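Asks: Chain by chain, the residues:
2 protein chains.
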Amino acid sequence: MHFNSAGAMTMPSYKLTYFNMRGRAELPRYIFAYAGIAFEDRRVEWKDWPSIKKTFPLGKLPVLEVNGLPLTQSLAIARFLAKEAGLVGNSRLAEAQADALVDTLNDFTLLIPWREDNPQIKTQKIDMLFQSHAPKLLDHLQWQLGDREWLVGDSETWADLYWHVCFTTFRVLRPGFADHHPALCGLTDRVEAIPNIAKWIQSRPTTEF
Amino acid sequence: MHFNSAGAMTMPSYKLTYFNMRGRAELPRYIFAYAGIAFEDRRVEWKDWPSIKKTFPLGKLPVLEVNGLPLTQSLAIARFLAKEAGLVGNSRLAEAQADALVDTLNDFTLLIPWREDNPQIKTQKIDMLFQSHAPKLLDHLQWQLGDREWLVGDSETWADLYWHVCFTTFRVLRPGFADHHPALCGLTDRVEAIPNIAKWIQSRPTTEF
Ligand SMILES: [Mg+2]
Ligand SMILES: [Mg+2]
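So the sequences go chain by chain: Y and S.
Going by UniProt numbering, the first residue of the first sequence is number 1, and it counts up by one from there.
Going by UniProt numbering, the first residue of the second sequence is number 1, and it counts up by one from there.
Derived by calculation from the structure, the hints in this document are not laboratory data.
Worth double-checking, as some hints may not be accurate.
Note that identical chains are pooled: a pair holds if it fits in a single copy or bridges any two copies.
[Stated by the list, open to error] In silico lysine to any residue, SDA-like type, Cα no more than 25 Å apart, as pairs:
(1) LYS54 - ARG42
(2) LYS125 - TRP114
(3) LYS136 - ARG115
(4) LYS53 - MET21
(5) LYS83 - ASN106
(6) LYS47 - LYS136
(7) LYS136 - ASP107
(8) LYS83 - GLU192
(9) LYS199 - GLY23
(10) LYS15 - LYS122
(11) LYS199 - HIS180
(12) LYS53 - THR109
(13) LYS125 - LEU110
(14) LYS15 - LEU93
(15) LYS125 - PHE108
(16) LYS15 - CYS185
(17) LYS15 - PRO195
(18) LYS60 - GLN120
(19) LYS60 - PRO50
(20) LYS199 - PRO113
(21) LYS54 - LYS136
(22) LYS15 - GLY153
(23) LYS53 - ASN67
Fair warning: this is a prediction, and the values are worked out from it, not measured in the lab.
Put together the whole structure using the sequences plus the hints.
Replies: Below is the structure:
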């Protein structure tokens, strides 16, 4: 919250710039949706990117502008918003556990060979990733979840939302990847059942990734 | 702080497990040193690692045990400690800026070809990294620093400590890498002049990385 010159509380203005895909902007978008915070969801066309790239720090997206101040790094942006939304965890230990889960999910997404040009090699690399790394990741997440409803503590955090974001993309790559981890599929369902998240998933632009 | 059964405040017990190198444990160690918090600095010998690897979540280090509870992911561990040490930044925006700088420095360290076996190819790859990526990184950091003393706001944060950790390792790889960025070298000097950090650097085990 901020106060304008008349002393009235005003919400900060939020502009999130990324491409027309879920990608690295989708977690911030989920958190905006969850918290019911209005934001400008600016989606740059690929043809326009070369001419505006230099206007962004390090020439990278996403960037979140908060009252015009640019914040970089998707996870730093998401954590900033998760604090506003009350989604970071209920204690310092819980916050650290959520941070670690987010980083662990992110480490896996960084192993996906997005930029491999040869389609056969790309398929092979994705197969290997989902055969060798994914089961360890899923076992770890299922262990962390235990028989609770959410990954950290007794209520949802941004780690649960990030699980859903990642699940959605992993499922595009290898549809049955989580079939042997029913507890995690249950978590997916619980995130989807959050009304504001359900509404966002219904209304967002449809893109493959 | 925690309370024991007699009601007296007790410090949590901290055990940080990693290898005998700076690597991904050095930022948590700097924060412990900065805050004057006692911790067990457990350094696993390579020969012992295969037999104990399975006892750590995802088989990875570092792990910080807080009263026996294991926390994973070096940056989540560091952020947890930075909160205890008052090093995360003085506002939510400052916290997000520090988080983003840490992630940006970390992104660069992830590009270093640590596991390249061929020494000639390794040299080539490191040369390319320091010729193509490093100047952009350093320009960005120098822009973020501006004419202030610290990277975020008016006082030191864990982003400044991480700069020093990274600087120390980058300098081993390419000694003159920051010569054209005197403001950043000034920042290095300021971090080294923090008495508790100076003491840690003096007393820590000497390792190449
Ligand atoms: Mg990591
Ligand atoms: Mg990143």
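Asks: Which hints from the list above does the structure break, by number from lowest to highest?
Replies: 10, 11, 16, 18 and 20
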